[in-house]
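Colleague: Note that the protein sequences, when read in sequence, are chains A and B. Per our numbering: the first sequence = residues 1 to 199. Per our numbering: the second sequence = residues 1 to 270.
One thing to keep in mind: the hints can contain errors.
Stated by the list, open to error - Listed next, the in silico DSBU-like pairs over lysine-lysine satisfying Cα-Cα at most 30 angstroms (straight line):
| id | chain 1 | residue 1 | chain 2 | residue 2 |
| --- | --- | --- | --- | --- |
| 1 | B | LYS11 | A | LYS133 |
| 2 | A | LYS164 | B | LYS8 |
| 3 | A | LYS43 | A | LYS140 |
| 4 | A | LYS140 | B | LYS8 |
| 5 | B | LYS8 | A | LYS159 |
| 6 | B | LYS8 | A | LYS133 |
| 7 | A | LYS58 | A | LYS140 |
| 8 | A | LYS55 | B | LYS11 |
| 9 | A | LYS56 | B | LYS31 |
| 10 | A | LYS148 | B | LYS8 |
| 11 | A | LYS164 | B | LYS11 |
| 12 | A | LYS43 | A | LYS55 |
| 13 | A | LYS113 | B | LYS11 |
| 14 | B | LYS11 | A | LYS140 |
| 15 | A | LYS43 | B | LYS11 |
| 16 | A | LYS117 | B | LYS8 |
| 17 | A | LYS157 | B | LYS8 |
| 18 | A | LYS43 | B | LYS31 |
| 19 | A | LYS133 | A | LYS157 |
| 20 | A | LYS159 | A | LYS117 |
| 21 | B | LYS11 | A | LYS148 |
| 22 | A | LYS56 | B | LYS11 |
| 23 | B | LYS82 | B | LYS131 |
| 24 | A | LYS56 | B | LYS8 |
| 25 | B | LYS11 | A | LYS117 |
| 26 | B | LYS11 | A | LYS159 |
| 27 | A | LYS140 | A | LYS55 |
| 28 | A | LYS58 | A | LYS113 |
| 29 | A | LYS140 | B | LYS31 |
Unchecked claim - Away from chain A, derived, C-beta distances all over 10 angstroms, residues of chain B:
| id | residue |
| --- | --- |
| 30 | GLU64 |
| 31 | THR75 |
| 32 | GLU78 |
| 33 | LEU130 |
| 34 | GLN148 |
| 35 | ASP150 |
Because the hints were derived from the structure by calculation, they are not lab data. For glycine and all other residues, C-beta sits at the position ideal for the given N, C-alpha and C.
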Amino acid sequence: MTNSEFTQLLNPHYNDAVNYCRALCAGSNQAEAEEVLQQSLLKAFENVDSLAETKKFKSWLFQIITRSFYNAIRRPFWKRFVSQSTINEGEDFHIYEADYFDENQQLIAALAKLESKERAAILLFELGGFSIKEITVIQKEGSESAIKSRLSRTRAKLKEIMEKLEEENPSPEKIQSLKTSDLYHETSELINQYKSMGG
Amino acid sequence: MNVPEAFKSLKNHDHSSSFNGLGTWLDQHSKGPKQMKNFYKIAASLVATAIILVACTVPVQQEEEIGYMIRGLSTESEAVGKGKIANLSGINMAEVQFIPVLHEIINKESSNSEPQVYTEVVMLMPQANLKAAQDKANALMAAVDFDQIDIMPIQETVERTFFESALQKTFNVKIDPDLSEAQISARINNFLHENSSVVETAVIEEDEKGNRHAVFVFEMGEDGKFEVKRDIEELYNDLTPEKNEFLHKDVSEEDVLQLKKLKEEQKKED
Numbered sequence: 001m002t003n004s005e006f007t008q009l010l011n012p013h014y015n016d017a018v019n020y021c022r023a024l025c026a027g028s029n030q031a032e033a034e035e036v037l038q039q040s041l042l043k044a045f046e047n048v049d050s051l052a053e054t055k056k057f058k059s060w061l062f063q064i065i066t067r068s069f070y071n072a073i074r075r076p077f078w079k080r081f082v083s084q085s086t087i088n089e090g091e092d093f094h095i096y097e098a099d100y101f102d103e104n105q106q107l108i109a110a111l112a113k114l115e116s117k118e119r120a121a122i123l124l125f126e127l128g129g130f131s132i133k134e135i136t137v138i139q140k141e142g143s144e145s146a147i148k149s150r151l152s153r154t155r156a157k158l159k160e161i162m163e164k165l166e167e168e169n170p171s172p173e174k175i176q177s178l179k180t181s182d183l184y185h186e187t188s189e190l191i192n193q194y195k196s197m198g199g
Numbered sequence: 001m002n003v004p005e006a007f008k009s010l011k012n013h014d015h016s017s018s019f020n021g022l023g024t025w026l027d028q029h030s031k032g033p034k035q036m037k038n039f040y041k042i043a044a045s046l047v048a049t050a051i052i053l054v055a056c057t058v059p060v061q062q063e064e065e066i067g068y069m070i071r072g073l074s075t076e077s078e079a080v081g082k083g084k085i086a087n088l089s090g091i092n093m094a095e096v097q098f099i100p101v102l103h104e105i106i107n108k109e110s111s112n113s114e115p116q117v118y119t120e121v122v123m124l125m126p127q128a129n130l131k132a133a134q135d136k137a138n139a140l141m142a143a144v145d146f147d148q149i150d151i152m153p154i155q156e157t158v159e160r161t162f163f164e165s166a167l168q169k170t171f172n173v174k175i176d177p178d179l180s181e182a183q184i185s186a187r188i189n190n191f192l193h194e195n196s197s198v199v200e201t202a203v204i205e206e207d208e209k210g211n212r213h214a215v216f217v218f219e220m221g222e223d224g225k226f227e228v229k230r231d232i233e234e235l236y237n238d239l240t241p242e243k244n245e246f247l248h249k250d251v252s253e254e255d256v257l258q259l260k261k262l263k264e265e266q267k268k269e270d
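Based on the sequences and whatever the hints tell you, model everything.
Modeller: Right under this line is the structure:
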């Protein structure tokens, strides 16, 4: 398969794949996530001819990303500080934009607290848009009921974690909403504004 | 932010800016699709075919039966034995030889040895047909009183390619006529020499028409030499009276049994 044929296959699923990999690598830094994604895309490109049906490309690609992630986290911890990639560092091409990792920090922090399989399952559902049946195949589980219970458990867990994180580190929106609903602080704000105007 | 909203925010991030440079990057860093080029496929096929052909044409040696030798020891004299066997149908006298041999018989009680004259009867059957050999041995036993009779296969080591060996075993193709005559005759003579007191001489000759013949020369002692010439293709055919000028008239099975009865009575009288 040519380069252009491969990118044509990849195009409809590219955004989801990139976001999926980023969220899957929650708890890792940008360089590590970049490496997992680049390795996955290279592997997919090199082995695309082994794919029997192109309509299964998306699930096949996400399977590669998931396996690459598992391989990365299974490496001995000291190797994780040394890049195993043959990709030259310092090159100009990066999939992830510089400020992307500053976004959605609360969700990412919550995902980082999940087990890797739980994280993968919830992300395949929410970001990949896969069905229970497809997730069962990707995660190589014996039954769909195992995936259903995993998803249910993970959602509850994720919600709990996010609520906790919210309490510990309220978001700017929450702070703003808290401020406007508090009369004392509203009055203090007005006074400060008046003083700044020279009054 | 609740969980569904958080996921929605993450999912909606657009990465199309990096997608544009992805193709070039993949070309630069990939090892390329793992596909053998046509040239290498053809070369690999040719090499594999050549190896198979060479392996199949390497000559292999195998033992092959080309005939049988019937050898028996009888206490009856040569003249008596000849007379009895000559009356049998289906026996070519030219292929039977009678040789007087002297054996030392040791008396267990006295430990003295006594000389005993035996007649060794040797019959060559130049076709690889065990049943025919057994039938002839049975006929000889019915006519002549043997102390011991053996049927020994005449084998030679032939060298042929793997293809030919496979064909030989599967389709029972005849021996390749292009085999060396010197090799065939040397093997036969050696076998006969080792297993009989007779030294035979077998040679393969080719006539003007290109037909190959196996020629057996029997040393008859005072009677001189006796030569038998057989078409090499006929080696695989059963002998029939119509085909062989040396065969006598057909003798029935009852005649053979009567002869045997007469022989037994004669022995008792002796």
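Colleague: Each hint: holds or not?
Modeller: Hint check results:
1. B:LYS11 to A:LYS133: holds (21 angstroms)
2. A:LYS164 to B:LYS8: holds (20 angstroms)
3. A:LYS43 to A:LYS140: Given pair A:LYS43, A:LYS140 holds - Cα atoms ~20 angstroms apart, limit 30 angstroms.
4. A:LYS140 to B:LYS8: holds (27 angstroms)
5. B:LYS8 to A:LYS159: The given pair, whose Cα atoms are some 15 angstroms apart, holds under the 30 angstroms limit.
6. B:LYS8 to A:LYS133: Between B:LYS8 and A:LYS133 the Cα gap is close to 22 angstroms, so the pair holds against 30 angstroms.
7. A:LYS58 to A:LYS140: holds (16 angstroms)
8. A:LYS55 to B:LYS11: holds (22 angstroms)
9. A:LYS56 to B:LYS31: Distance of about 23 angstroms is within 30 angstroms: holds.
10. A:LYS148 to B:LYS8: holds (21 angstroms)
11. A:LYS164 to B:LYS11: Satisfied, since the Cα-Cα distance of roughly 23 angstroms is no more than 30 angstroms.
12. A:LYS43 to A:LYS55: Holds: A:LYS43 and A:LYS55 sit about 18 angstroms apart, inside 30 angstroms.
13. A:LYS113 to B:LYS11: holds (20 angstroms)
14. B:LYS11 to A:LYS140: holds (25 angstroms)
15. A:LYS43 to B:LYS11: Distance of about 24 angstroms is within 30 angstroms: holds.
16. A:LYS117 to B:LYS8: At roughly 21 angstroms apart (the allowed maximum being 30 angstroms), B:LYS8 and A:LYS117 satisfy the hint.
17. A:LYS157 to B:LYS8: Holds, at roughly 18 angstroms.
18. A:LYS43 to B:LYS31: It holds: about 9 angstroms lies between the C-alpha atoms, which stays within 30 angstroms.
19. A:LYS133 to A:LYS157: holds (22 angstroms)
20. A:LYS159 to A:LYS117: holds (17 angstroms)
21. B:LYS11 to A:LYS148: Holds, because 22 angstroms separates the two Cα atoms, which is no more than 30 angstroms.
22. A:LYS56 to B:LYS11: holds (21 angstroms)
23. B:LYS82 to B:LYS131: Holds, because 23 angstroms separates the two Cα atoms, which is no more than 30 angstroms.
24. A:LYS56 to B:LYS8: holds (24 angstroms)
25. B:LYS11 to A:LYS117: Holds: B:LYS11 and A:LYS117 sit about 20 angstroms apart, inside 30 angstroms.
26. B:LYS11 to A:LYS159: Distance of about 18 angstroms is within 30 angstroms: holds.
27. A:LYS140 to A:LYS55: holds (19 angstroms)
28. A:LYS58 to A:LYS113: OK: A:LYS58 and A:LYS113 at ~27 angstroms, within 30 angstroms.
29. A:LYS140 to B:LYS31: Answer holds: A:LYS140 to B:LYS31 is near 28 angstroms, not above 30 angstroms.
30. GLU64: holds (52 angstroms)
31. THR75: holds (84 angstroms)
32. GLU78: Label holds. Min Cβ-Cβ 85 angstroms, cutoff 10 angstroms.
33. LEU130: The claim holds: B:LEU130 sits with its nearest Cβ about 59 angstroms from chain A, beyond 10 angstroms.
34. GLN148: holds (74 angstroms)
35. ASP150: holds (68 angstroms)
Every hint, counting from the list given before, is met by this structure.
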